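**Student:** The lines below spell out each chain.
Number of protein chains: 2
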Amino acid sequence: MNNITNLKTLLSPRTIAVIGATNKDGSIGRIIFENLLTSGRPLFPVHPKEKEILGVKVFPGIKELPDGIDLAVIVTGAENSVAAALECANKCIPYIIVVAGGFSEIGPQGKELEDRLKEIKVKFGSRILGPNTLGIFVPRERINTIFVEHGDKALAGGGKIAFITQSGSVGIEALGLASNTGFGLRVFVGLGNKCDLDELDFLRYFAEDKDTDCIALYVENLGHGRKFLAAAKEASLVKPVVLLKAGQTPAGARAVMSHTGRLAGSNEVVDGALRQYGILRVFDDEELCDAAKTLVMCPPAKGNRVAIITPGGGYGVMGSDHIETNRGVAGLSMAELSHATRECIREATLPFASCRNPVDLTASTTDEMYGATLDAALDDDGVDIVICAVFFSPPAVSAVLIAEIAQRAAESAKPVIAFTKYGPFTDLYLRRFYDAGVVGFPSISRAVKAARFLVERAGLISAIRE
Amino acid sequence: MNNITNLKTLLSPRTIAVIGATNKDGSIGRIIFENLLTSGRPLFPVHPKEKEILGVKVFPGIKELPDGIDLAVIVTGAENSVAAALECANKCIPYIIVVAGGFSEIGPQGKELEDRLKEIKVKFGSRILGPNTLGIFVPRERINTIFVEHGDKALAGGGKIAFITQSGSVGIEALGLASNTGFGLRVFVGLGNKCDLDELDFLRYFAEDKDTDCIALYVENLGHGRKFLAAAKEASLVKPVVLLKAGQTPAGARAVMSHTGRLAGSNEVVDGALRQYGILRVFDDEELCDAAKTLVMCPPAKGNRVAIITPGGGYGVMGSDHIETNRGVAGLSMAELSHATRECIREATLPFASCRNPVDLTASTTDEMYGATLDAALDDDGVDIVICAVFFSPPAVSAVLIAEIAQRAAESAKPVIAFTKYGPFTDLYLRRFYDAGVVGFPSISRAVKAARFLVERAGLISAIRE
Numbered sequence: 001m002n003n004i005t006n007l008k009t010l011l012s013p014r015t016i017a018v019i020g021a022t023n024k025d026g027s028i029g030r031i032i033f034e035n036l037l038t039s040g041r042p043l044f045p046v047h048p049k050e051k052e053i054l055g056v057k058v059f060p061g062i063k064e065l066p067d068g069i070d071l072a073v074i075v076t077g078a079e080n081s082v083a084a085a086l087e088c089a090n091k092c093i094p095y096i097i098v099v100a101g102g103f104s105e106i107g108p109q110g111k112e113l114e115d116r117l118k119e120i121k122v123k124f125g126s127r128i129l130g131p132n133t134l135g136i137f138v139p140r141e142r143i144n145t146i147f148v149e150h151g152d153k154a155l156a157g158g159g160k161i162a163f164i165t166q167s168g169s170v171g172i173e174a175l176g177l178a179s180n181t182g183f184g185l186r187v188f189v190g191l192g193n194k195c196d197l198d199e200l201d202f203l204r205y206f207a208e209d210k211d212t213d214c215i216a217l218y219v220e221n222l223g224h225g226r227k228f229l230a231a232a233k234e235a236s237l238v239k240p241v242v243l244l245k246a247g248q249t250p251a252g253a254r255a256v257m258s259h260t261g262r263l264a265g266s267n268e269v270v271d272g273a274l275r276q277y278g279i280l281r282v283f284d285d286e287e288l289c290d291a292a293k294t295l296v297m298c299p300p301a302k303g304n305r306v307a308i309i310t311p312g313g314g315y316g317v318m319g320s321d322h323i324e325t326n327r328g329v330a331g332l333s334m335a336e337l338s339h340a341t342r343e344c345i346r347e348a349t350l351p352f353a354s355c356r357n358p359v360d361l362t363a364s365t366t367d368e369m370y371g372a373t374l375d376a377a378l379d380d381d382g383v384d385i386v387i388c389a390v391f392f393s394p395p396a397v398s399a400v401l402i403a404e405i406a407q408r409a410a411e412s413a414k415p416v417i418a419f420t421k422y423g424p425f426t427d428l429y430l431r432r433f434y435d436a437g438v439v440g441f442p443s444i445s446r447a448v449k450a451a452r453f454l455v456e457r458a459g460l461i462s463a464i465r466e
Numbered sequence: 001m002n003n004i005t006n007l008k009t010l011l012s013p014r015t016i017a018v019i020g021a022t023n024k025d026g027s028i029g030r031i032i033f034e035n036l037l038t039s040g041r042p043l044f045p046v047h048p049k050e051k052e053i054l055g056v057k058v059f060p061g062i063k064e065l066p067d068g069i070d071l072a073v074i075v076t077g078a079e080n081s082v083a084a085a086l087e088c089a090n091k092c093i094p095y096i097i098v099v100a101g102g103f104s105e106i107g108p109q110g111k112e113l114e115d116r117l118k119e120i121k122v123k124f125g126s127r128i129l130g131p132n133t134l135g136i137f138v139p140r141e142r143i144n145t146i147f148v149e150h151g152d153k154a155l156a157g158g159g160k161i162a163f164i165t166q167s168g169s170v171g172i173e174a175l176g177l178a179s180n181t182g183f184g185l186r187v188f189v190g191l192g193n194k195c196d197l198d199e200l201d202f203l204r205y206f207a208e209d210k211d212t213d214c215i216a217l218y219v220e221n222l223g224h225g226r227k228f229l230a231a232a233k234e235a236s237l238v239k240p241v242v243l244l245k246a247g248q249t250p251a252g253a254r255a256v257m258s259h260t261g262r263l264a265g266s267n268e269v270v271d272g273a274l275r276q277y278g279i280l281r282v283f284d285d286e287e288l289c290d291a292a293k294t295l296v297m298c299p300p301a302k303g304n305r306v307a308i309i310t311p312g313g314g315y316g317v318m319g320s321d322h323i324e325t326n327r328g329v330a331g332l333s334m335a336e337l338s339h340a341t342r343e344c345i346r347e348a349t350l351p352f353a354s355c356r357n358p359v360d361l362t363a364s365t366t367d368e369m370y371g372a373t374l375d376a377a378l379d380d381d382g383v384d385i386v387i388c389a390v391f392f393s394p395p396a397v398s399a400v401l402i403a404e405i406a407q408r409a410a411e412s413a414k415p416v417i418a419f420t421k422y423g424p425f426t427d428l429y430l431r432r433f434y435d436a437g438v439v440g441f442p443s444i445s446r447a448v449k450a451a452r453f454l455v456e457r458a459g460l461i462s463a464i465r466e
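Protein sequence lines correspond, in order, to chains F and Y. Under the working numbering, the first sequence has 29 at position 29, and the numbering climbs by one with no breaks. Under the working numbering, the second sequence has 293 at position 293, and the numbering climbs by one with no breaks.
Careful: at least some of the hints might be erroneous.
No distinction is drawn between identical chains; accordingly, a pair holds when it is met within one copy or between any pair of copies.
With a cut-off of at most 20 Å between alpha-carbon atoms, the simulated SDA-like pairs for lysine to any residue come out as follows [unchecked claim]:
| # | residue 1 | residue 2 |
| --- | --- | --- |
| 1 | K121 | R342 |
| 2 | K91 | E404 |
| 3 | K153 | L428 |
| 4 | K24 | P442 |
| 5 | K153 | F425 |
| 6 | K160 | P299 |
| 7 | K233 | V148 |
| 8 | K111 | A363 |
| 9 | K51 | F124 |
| 10 | K239 | I464 |
| 11 | K153 | N6 |
| 12 | K111 | A353 |
| 13 | K8 | D435 |
| 14 | K111 | L350 |
| 15 | K111 | T362 |
| 16 | K111 | S364 |
| 17 | K111 | S354 |
| 18 | K111 | F352 |
| 19 | K153 | D427 |
| 20 | K111 | P351 |
Everything labelled a hint here was simulated from the structure, so no lab data went into it. Quick caveat: nothing in here was measured; it's all calculated off a predicted structure.
Here chain F stands alone, though its shape is the one from the complex (with noise of 0.2 Å):
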């Protein structure tokens, strides 16, 4: 515990303080004031001019707030944001989020602006987080700093995935998106530039949070490439850490382990370098917010072999063709199920049905058979993960299918993955999978690959348990 930042009062802060909190109707100020102002916490507004913001009385300095202030969000251009920065460091407030770009990203002037922030840690001990992002959103305690969103409140659905990212935009596109069909957030953390707090001090917070059950990382460079690596490690010994990591074609940054501490290299190398400290690589935000949701949706996987129950031949046909090319890292295989699955299948469903791996129990399937089926197969020995394909077209089919589904993954120790299509109702039914716990995708391909980031999981952590 001893490297781990405490980070606590800034992710759940008694008192904020807001430099540059205004009553003007949609500035960054006001929106971030108005977020925090839900989080129920006293709230110190500081402006030159302004009086009371929203039934708040305004300081009009940092030296005139009261003592005790756990977190200070400057939202102040550039230059005041440094000046603010260090008057809330002379006042010992020990968590800061400076909000403004304008620092390192925009040159050699604004890297000038930003190492005067560098220094305030070092002669303050207060610690920033930022500048140039939108700072952290924690769900379960209403602290929400995000001044652009269009998750609208889909976001704020709590849950147990860390999603730590460098960049604002990844964060909240990906998120946003993602949102649509049910995302379960801990923690929303934006690094931005990274002129102190940084992905290691928080990989190592939530590594021991027992609210987090997945960290999901979005990095474009690694500060502490070592330390990190051990850091995720460990990490891994108790929950998942999904990592992105931009930028390594040689266009963009090199990455692994050296002599260095920083990451370089062949994208070959990394991912065994990554693989080798329980690591799980995805390669685009699409892929870290499937990961993470799977990760913390289902239990984890004993082998790598895949029944697939659809009531479309087709879906069938193309989910084993995907399971059996096997181009990622986690080889997946068709599960073959026992005679007395089949046999089970067979008694439970319609006589022209395929009781084979891929199930095909046709259009003319009900919601029984389909359970039945669902049963038999998560009964088998020889199967270890199942994907249900599940429309509404066919006529006997119904929204009941989705709670039938849900009650069985409930129940089993395997997971159940989830596949529809309903046209513009799509997200609304994968989001009815999602509040009743399972975890859907609307490709079969992203259902694949679902089951593929289980089975790489449990390598993962096979691996470095040894």
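Given chain F, put chain Y in place with the hints provided.
**Tutor:** Frame of chain F, contents of chain Y only:
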């Protein structure tokens, strides 16, 4: 033209008999009859007991029908369908669609019934689509026998893609989802059990059809391997042929050209064979729809050099990674922007924008800056394809940017592909791009894949023209 079945009468019949039309709400006979009513063609419902359906006089039997009917849609059970098809053939109705399942797909008993359907073509010359099919949907002609649909009105958006599917379920689910963001359909054909008309007939017909710009096929087994490949090659010379051949893995059927005229062999051999005949191969229904949509909406790619414009650096990096990883068949490369282009972008944008490819305009970009950057990229001789990442969170980006991009895409001979995420509004904004004439996708990996389809198509066509 000798080999081509003239399917015009099937796709644009002047008169249609509906055998088994009823007044019963929700029945297939009623749904199909209602669908066909909107075609404005004279309809001739046949039912032993009904007198009138939706104001149209009902005929008690097929033999009571007037002469000269172009198409009979049979909506009765399997057994009765065979008898009805025979009577229709006796009446010299040239095209018959048999909707019912319960034929070869259910085993030997059904196979026998299907054999009797097969004889009809031989004895009478009437052509049969099906059995076990959703039939056809021709948006422009308002001819629609699809009785399950959840693309809602979206599917009805006419266009240039002939979508031919052996599996009705795959067709409906794939198009239902694809339609959310726009999908231009010339025709949907459900092949069903292919007792007579099959993919070869339709491939040949749509190859010569002036209203078809792309032929997309989902097939599980190819009836005439060699003839199909030859026809595909001929078609490919004038329009893209995209094939999803399900069942490629050991678990499924095997496929490549052989003496038997059947397709069999390892995946790699199949890949090579299909490519040799100009066929663009895809691996699931999402790819099938994405490829077809991209190929009809974009001009041909002259090369493989891709430029990315983005308001968020992260997506530029991820896009570069996807482009340079080159896991797919068609190799892509990141375009190197000329000095002049970079200067042009520098002048038009903010000082801290990154003017190399990927061009990162940052979240401070405006619609105008974006437009000027796209102009510069399209003017650069070193750029073959432009991917525009568009997000609507940046404060100075508005929906106007869609029109700005669309105008430039329309005026350029180079493909422009949009990528956008916008939380719950993602599909809506992709649809806006579509309506403006720009192909768009909700993930960077699908946008890059779209570029790959264009480059692959260009490679295929130059190979077969040699």
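**Student:** Each hint should be assessed against the structure and marked as holding or not.
**Tutor:** Evaluated hints:
no. : hint        : result
1   : K121 / R342 : neither (65 Å within a copy, 38 Å between copies)
2   : K91 / E404  : neither (57 Å within a copy, 50 Å between copies)
3   : K153 / L428 : both (15 Å within a copy, 18 Å between copies)
4   : K24 / P442  : neither (41 Å within a copy, 34 Å between copies)
5   : K153 / F425 : both (19 Å within a copy, 13 Å between copies)
6   : K160 / P299 : within (14 Å within a copy, 45 Å between copies)
7   : K233 / V148 : neither (34 Å within a copy, 51 Å between copies)
8   : K111 / A363 : between (62 Å within a copy, 19 Å between copies)
9   : K51 / F124  : neither (30 Å within a copy, 91 Å between copies)
10  : K239 / I464 : within (12 Å within a copy, 52 Å between copies)
11  : K153 / N6   : neither (29 Å within a copy, 55 Å between copies)
12  : K111 / A353 : between (66 Å within a copy, 15 Å between copies)
13  : K8 / D435   : neither (29 Å within a copy, 48 Å between copies)
14  : K111 / L350 : between (69 Å within a copy, 17 Å between copies)
15  : K111 / T362 : between (63 Å within a copy, 17 Å between copies)
16  : K111 / S364 : between (65 Å within a copy, 18 Å between copies)
17  : K111 / S354 : between (65 Å within a copy, 16 Å between copies)
18  : K111 / F352 : between (70 Å within a copy, 12 Å between copies)
19  : K153 / D427 : both (15 Å within a copy, 18 Å between copies)
20  : K111 / P351 : between (72 Å within a copy, 14 Å between copies)
The structure shown violates the earlier hints numbered 1, 2, 4, 7, 9, 11 and 13.
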